[in-house]
Structure formats: C-alpha cells, structure tokens
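Engineer: Residue strings, one per chain:
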Amino acid sequence: MQGYAPILLLVLVAIAMPVIVWTLSRLVRPNVPNANKYMVYECGITPTTDAREKFSVRYYLIAVMFLVFDVETVFLYPWAVQFKELALFGLVEMGIFLFLLLFGYGYIWSKGALTWE
Amino acid sequence: MENLLISLAQNLFPIFGLLAVGGAALMVASRQAVHSVLGFLFAMLCVAGCFLTLEAEFLGIAQLLVYAGGIVVLFLFVVMLVELTKYKEKDIFQKQTKVALLAVAGGLLVVGGALRNALFGPAAKEALTLRPEITNGAVLGNAQAVSRGLFADFLLPFEILSIILLVALVGAVVLAKTERV
Amino acid sequence: METLASLLHTSPATAWMAVKVLMAFGLIMGIAPPLTWAERRGSAMIQDRIGPNRAALFGKIRILGLVQALADGVKFFFKEDLVPPHANKRLFWLAPLLAFVPAMLGFAVIPMGRSFLSGGTEYHLSLLDPGNGMGMLFPMAVGAMAVYGILVAAWSSNNKWAILGGMRASAQMVSYEVGLSLAVIAIFMVTGGYDPHEIVKAQQGTFLGVLPNWYVFRQPFGFLVFFVCMFAEANRLPFDFAEGESEIVAGFHIEYGSMKFALIGLAEYGHILGASALITTMYLGGWGIPFVADHGQIPVIVTFLVFLTKVIALCLVFIWVRWTLPRFRYDQLMNLGWKKLLPISMANLLYFAYRMRG
Chain A
1 MQGYAPILLL
11 VLVAIAMPVI
21 VWTLSRLVRP
31 NVPNANKYMV
41 YECGITPTTD
51 AREKFSVRYY
61 LIAVMFLVFD
71 VETVFLYPWA
81 VQFKELALFG
91 LVEMGIFLFL
101 LLFGYGYIWS
111 KGALTWE
Chain B
1 MENLLISLAQ
11 NLFPIFGLLA
21 VGGAALMVAS
31 RQAVHSVLGF
41 LFAMLCVAGC
51 FLTLEAEFLG
61 IAQLLVYAGG
71 IVVLFLFVVM
81 LVELTKYKEK
91 DIFQKQTKVA
101 LLAVAGGLLV
111 VGGALRNALF
121 GPAAKEALTL
131 RPEITNGAVL
141 GNAQAVSRGL
151 FADFLLPFEI
161 LSIILLVALV
171 GAVVLAKTER
181 V
Chain C
1 METLASLLHT
11 SPATAWMAVK
21 VLMAFGLIMG
31 IAPPLTWAER
41 RGSAMIQDRI
51 GPNRAALFGK
61 IRILGLVQAL
71 ADGVKFFFKE
81 DLVPPHANKR
91 LFWLAPLLAF
101 VPAMLGFAVI
111 PMGRSFLSGG
121 TEYHLSLLDP
131 GNGMGMLFPM
141 AVGAMAVYGI
151 LVAAWSSNNK
161 WAILGGMRAS
171 AQMVSYEVGL
181 SLAVIAIFMV
191 TGGYDPHEIV
201 KAQQGTFLGV
211 LPNWYVFRQP
221 FGFLVFFVCM
231 FAEANRLPFD
241 FAEGESEIVA
251 GFHIEYGSMK
261 FALIGLAEYG
271 HILGASALIT
281 TMYLGGWGIP
291 FVADHGQIPV
301 IVTFLVFLTK
311 VIALCLVFIW
321 VRWTLPRFRY
331 DQLMNLGWKK
341 LLPISMANLL
351 YFAYRMRG
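Chains as they are written, first to last, in my numbering: chain A, 1 to 117; chain B, 1 to 181; chain C, 1 to 358.
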C-alpha cells in the first residue's frame, strides 16, 4: 500500500488547489448579481421549455454497448499480459470468447444499432 | 502530525470502507436521482480504494473501469434520459413498500448465508487466506494471478460470461428498437 | 537526495515522494497556461492573423504575448462568480472538481525519465514505482472518469445547449474508449506486461535496422486508432462535440464563468497533456532517445528533456489538427468509432495474437 501514497497525495493536492483558489478569489471578486445576469443563456431568447428533456434512446444503447465491450477488454488485459504463458490454449479460449462477442457485434451492426440516423 | 499521518495510512482500508458506506447511504437517502447516482459513483471509487489497500490492484482497476467508468455512466444516462421531474414522487415510490421490504429481506438472507459460509463454513480457512502462489511471489502481479485463475480454473464460467454479454448486447438492441425514436 | 531530505527533516523516501507529486502536478499546471497561449498564437498563425500580442508586464515585457496567459489567469481570479438560480447548486460546484481531478492525474504513472541510483537506492521518475500492479491501466481508468465532469456540468447547468453538448460528448467519449483499450491491449501483449517502465524499455533499440524501435512503427494501425481515440477522449476538434461553438455556443460549460470556468479550461489542457504523455509512452518510446539501446550513461535530465520535448511536440500537433480539420457530423463520428476504429483495432489485436502464437 505504501506505493500508492503519491497517488492519494496527488488527488488531495488536486482537490485542495481549486478549493483554496475559490476561497481566495471569493475575498476579492465582486458580487453584484441582477436578474439579467441570472437568465438562462440561450442567445438572448427567453427559454420556453425545461432544458431537461427526453433524449433519444440511442444514448442508452451506446452506453450498453460500451459497457459490454468494456467488460470484454477488462478480461482481455490479464489474457494479454500472460499471452506467452497461456500459449495456444489461451488463444483458443479467448478465440471462442471473442467469436461470440463478434457475433453479437455483427448482429447489432446488421440491426442498424451502430448507425446514427 | 507525522504519527497521525502514519496511523491514517495504516487504517486506509476501514476509512475507505466507511466512506463507501457513506456513499451508499447518500445514494439511498437522496431524493434527486442524479445525486443518488453520484453517491453510487463515490461508493464505487471507495471500493476500488479498498481493493488497492488490499494490494488487489487489478481488481481495483477493474472496479474503476467497469463500475465507476461503465455502469455508473449507464445509470447517469438513464436518469438523464427519462424525465423524472414529470412524474410525482408519490406515484413512483409509494406503492412499492411491501415489495421493497420483501426484496430487502430476501437479499439479506442471501448475503447473510454467503457471509456465514465464507466466515464459518467448512471452506472458511481457505477462502480467507491468500492463495499461496500470490503470497510467496510465484506470480509477478495480480493481473497474472487473475489470468491464471480465469483461464485455467474458471474456464467454463468465463465462456458462459461471453454468452451473458451477448445476451445483454442483443437484448439492449431489441428493447431499444421497439420504440422508433 | 539525502541533502534535500535533511533540509526538510524527513526521510529521503518522503522527500522524493513530495518532489514527484509536485512535479506531476506542477508540470500540468505549468504547461497548461502557456499551452492556451500556444493555441491562440498557433491558430492566428494558421489563419494568417497576429493573435494575442498586447498584454505586457509593466508596459514593456511582452514575450510574444505570452503574458496574455498570466493576464487571463488574473482576470479569472477577479471575475464575479455567478451560480445561475436555475442550476442545481451543489452539482454546479462539484462539476469543475470532477473535471479537474482526473485531468491532474494524467502524469501519475508515466515515467518521465531514466531511473537513477542515489545513495544505494533506486529512484524512479514516475509517481508509482515499477511493478505496482496498476501500470498503464491506471491512466485508462482515470481517463474513463473524465466523462463525469462533462455530464454533471451539463446536467446541473440546466441549460439546453449544455445538456445537448454534454450528452453528445459523453456518448462520444464512451464510444471511443472501446477502440482505445483494444489498441492498447496489442501493446500489452507484445510487451508481456502493462508496466510503463517495461513498455518504454521494450521500445529501445532499432526496428528493421533504420527506424527507432517504437510501437508507432511496429503497430502503425494500433497507433492510428489510439491517436484518433485520444483526440476524441480529450474532446478536441475534430471531435469537439462538447463545445461545438458554431452550434451550441459553448456546450457543457456555457453557464460557467470565472474561476470555475478556469478550472474546466485547465482540465481540458490537462487532458491534452495527459493524452500526449500517454501517446509518448505507449508509441513514441517514452523518455528513450531514438536508436540508443543503452541509456545507462545518459544523464537523467537529458532523458527528462527528451520526454518533455515529445510531449510538447504532440501538444502542438493537437493544436495544429484543431485549426486544420473541420468538425465531423455526429453520425460520421459514431460511424468512425463503431464501424471503423473498433474493427481496425480488433484486427490489429488478432493479427499480433496470431503472429505471437508461439
């Protein structure tokens, strides 16, 4: 664990720096808000509807596809570093794994899930 | 000061654990769905920290990549996709109390059983000690150890996993395609 | 090292850790502001303009307008900081932090120079010592965290442009992460590990007798995918769907001003630096000098300067590309990511697996 102290320290420094700067700049910066400054920035037009609208389901699809391939790569990492030791057996094993996934990839491609209309 | 730092460093595992529980509590308690998801993200980051303190770096990284980097993004997308503000809170949450209680009881039973098995069961000693090839340094790092376990001992689960992933992929496409947007 | 440690009344290990943390943090904080200047001067050069050249210290010292970066910083510091009433206040404050922290971790595991011996112990110019078990997976994992800064900033602003930009950008970032990690796996496979020190060592010497033994020459297709994906991950043109000035004004950070905006800006340039450092380490030999097989006699500072030169050159490439290429259309972007880069990197991986089958 000793080895990860620098990372923890760096995270703490990276959090501390903005907090310190925010606190300092709070002391010197002006604060005179008015209604116009508080308007939603929409190129000067008064907004009509709520900004948080429904989005296309494609975003959800992208996230699921990303997740599946993300899990796949997490399994590829240990396979890749032990590639020589696992030898042909590992190659065949990963071959089956990848084949099934590539089959799914081909399926979603043919269904047009990868095409953004 | 230095003593405090050292004792902090020695107790990082419980600290991360408590923070993770805090994140989970925030997730359950918060009324705003996006706050919940961010609480979940925080809990996941802390769990990754727990793994790192146990020197299970690969698991920690996998936790970051899959949970913090993948699943939470998916949740955030879903939460942002549906307009939760349109529904009244009562309509969504109030009718499920009984079901929720049942589910919680069932979950507790499963988790409790698993914990009992791991702590007091016949294989408890084996389960709670590090595998000898890791402690005596026969393998270089834990990605190597993981790959040994994964590609030799747990071959079938690994291949089944690819089918689960396939189902997830196909299922998502089928579900998304029923609604033309 | 001992003298420094005794000056600070700590052990050499602690002193070295402090030096490394300050170096990793200071390097990004030190290079990012001049990079904004380089961006503006570079764009001016490409578009045949003059660019910022008016700012001056004491009315005299201009250094080609480099003082502009300093003036910008001072201005950010003294600007009024508005939190719009329609925003979600807590998340509005949190988002710049979420963007800033991962960006600052970019240099964490990257070796910035040759390891050296001092007083019997070996010191490494990277935050984590070699053989730490996280290796190059750490920057990948941290890079995945960058999505949250954008998503949370966009959603908390409660502004149409912001949400549009945020959704587009995050979908783009996760899409390109797949090709990115597949390209990297081919390197891990050839190297036989993912430790950055090992990867740098594996790239010393020559390839085919005439080229440096860098992965950019040994795995050109992997490099292509990685390079393109890095642009997408850093949200740079031609992939700048987070901002898209001509369509959605400023995208996810449209409601941000003053110091919070400065943090988001710093994070953007931090990501460019992190991406450059990653490309340097993975594909351009890290701190290694081309054609040199044994770095034992070369001073540490030279290897550090070599590393820095490569990183800054890549940063300039980022700027050059931004002002040269037009933006993609969104469907083209998704096409490129899922239908071209993913198969290319997969084929690259399978090719090297086939060649190394033993």
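Calculated from the structure, these hints are not laboratory results.
Be careful, since some hints might not be right.
Stated by the list, open to error - Derived DSSO-like pairs: lysine-lysine, alpha-carbon spacing no greater than 27 Å straight-line:
no.	chain 1	residue 1	chain 2	residue 2
1	A	K111	C	K339
2	C	K310	A	K37
3	C	K340	A	K111
4	A	K84	C	K75
5	B	K177	C	K340
6	B	K177	A	K111
7	C	K75	A	K37
8	A	K37	C	K339
9	C	K339	B	K177
10	A	K54	C	K89
11	B	K177	A	K54
12	A	K54	C	K160
Note that the coordinates shown come from a computational prediction; the quantities given were computed from them, not determined experimentally.
Engineer: Would you mind marking each hint as holding or not holding in the structure?
Structural biologist: The hints, checked one at a time:
Between K111/A and K339/C the CA atoms are separated by roughly 13 Å; this keeps the pair inside 27 Å, and the hint holds. Proposed proximity of K310/C and K37/A is contradicted: the alpha carbons are some 44 Å apart, above 27 Å. This hinted pair checks out: K340/C and K111/A have alpha carbons roughly 17 Å apart, not beyond 27 Å. Simply put, K84/A and K75/C have alpha-carbon atoms about 56 Å apart, too far for the 27 Å limit, and the pair is violated.
Simply put, K177/B and K340/C have alpha-carbon atoms about 23 Å apart, close enough for the 27 Å limit, and the pair holds. A C-alpha spacing of about 9 Å is found between K177/B and K111/A, which places the hinted pair at or below 27 Å, so the restraint holds. Restraint check for K75/C and K37/A: satisfied, since their Cα atoms lie roughly 18 Å apart, inside the 27 Å limit. With a C-alpha separation of about 45 Å, the suggested pair K37/A and K339/C falls outside the 27 Å cut-off, and the hint is violated.
This hinted pair checks out: K339/C and K177/B have alpha carbons roughly 19 Å apart, not beyond 27 Å. The suggested pairing of K54/A with K89/C holds, with an alpha-carbon distance near 22 Å, which does not exceed 27 Å. Of the supplied pair hints, the one linking K177/B and K54/A holds, its CA atoms being roughly 17 Å apart against a limit of 27 Å. A hinted pair counts as satisfied when its Cα atoms are at most 27 Å apart, and K54/A with K160/C qualifies at roughly 12 Å.
Checked against the numbered hints above, the structure breaks hints 2, 4 and 8 and satisfies the rest.
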